[in-house]
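**Q** Sequence:
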Amino acid sequence: MIDVDIARRLRDFGLSWDPAEGDRFAIDVPDLREQTFLLSSMVVEPGRGRRGEPLLKFNGTTEWALDSIEEGEAVWIPREDQLRDALGETFVGLRRERSESGREVHVVSLAGPEEPREIRAGRAEDAYAGALLVQLEERAHHGGS
Numbered sequence: 039m040i041d042v043d044i045a046r047r048l049r050d051f052g053l054s055w056d057p058a059e060g061d062r063f064a065i066d067v068p069d070l071r072e073q074t075f076l077l078s079s080m081v082v083e084p085g086r087g088r089r090g091e092p093l094l095k096f097n098g099t100t101e102w103a104l105d106s107i108e109e110g111e112a113v114w115i116p117r118e119d120q121l122r123d124a125l126g127e128t129f130v131g132l133r134r135e136r137s138e139s140g141r142e143v144h145v146v147s148l149a150g151p152e153e154p155r156e157i158r159a160g161r162a163e164d165a166y167a168g169a170l171l172v173q174l175e176e177r178a179h180h181g182g183s
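Numbering (the working numbering), first residue to last: 39 to 183.
Read the hints as simulated data drawn from the structure, not as lab findings.
This one's a predicted model, so the numbers in the text were calculated from it and none came from an experiment.
The C-beta atom is built at its ideal place from N, Cα and C for all residues, glycine as well.
Incorrect hints may appear among the rest.
Said to hold, decoys possible - In silico SDA-like pairs for lysine to any residue, Cα to Cα no more than 25 Å straight-line:
| no. | residue 1 | residue 2 |
| --- | --- | --- |
| 1 | Lys-95 | Ala-162 |
| 2 | Lys-95 | Glu-127 |
| 3 | Lys-95 | Gly-126 |
| 4 | Lys-95 | Leu-77 |
| 5 | Lys-95 | His-144 |
| 6 | Lys-95 | Leu-53 |
Unchecked claim - Computed spacing ranges between beta-carbons, pair by pair:
| no. | residue 1 | residue 2 | range |
| --- | --- | --- | --- |
| 7 | Arg-88 | Gly-131 | 45 to 51 Å |
| 8 | Gly-60 | Glu-111 | 17 to 23 Å |
| 9 | Arg-117 | Gly-52 | 15 to 21 Å |
| 10 | Leu-132 | Gly-85 | 52 to 58 Å |
| 11 | Glu-135 | Glu-176 | 33 to 39 Å |
| 12 | Glu-83 | Glu-153 | 43 to 49 Å |
| 13 | Glu-135 | Ala-178 | 25 to 31 Å |
| 14 | Leu-132 | Asn-97 | 34 to 40 Å |
| 15 | Glu-153 | Thr-74 | 33 to 39 Å |
| 16 | Arg-117 | Gly-85 | 20 to 26 Å |
| 17 | Gly-150 | Val-67 | 34 to 40 Å |
Given the sequences, and given the hints that come with them, work out the whole structure.
**A** Take a look at the structure:
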C-alpha cells in the first residue's frame, strides 16, 4: 500500500477517484490519517449528502462515532493494479533488478516523447505511484495536455 502522502500528491495533481467496493482510503486529519478504511457495503459505502455532495457512509461501525464524511475529506490509496491502469498507454513494463547494494528494486518503464523513462522504488506499487506522479506533474506543467 502506498503512503498517504504520496496518495495525497497524486490526488492534488489530478488523479480522480470514483469510489468503488474494495478501494482503500484514509481520512486526511492528523488523528486518523494513519488509519486506512476499506470501501465495502458492509462497512463503508459511497452515497450522497443532503445537497447532493458525494459522501462515504460508515455502516454499523459501533467503534466509530462517525456516520459519514465528505468525499473530499478522504484520500484514495490506489492499489497496484489501479496505479498501473492509470498510467494508460505510457506504461511499457515493470521489472525487478538488484541494486548495487544487493537490494531488490522495481523499475517501471514509461514511453516518453523523446526517450523512455524509468522510475525505481523498493516496492512495485511505489514504482507505479512514482511513475504516475511524474506523469501527472508533467501534464500539470504542460497545461493538461
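**Q** Hint by hint, work out which the structure violates, then give me just those numbers in ascending order.
**A** 1, 2, 3, 5, 10, 11
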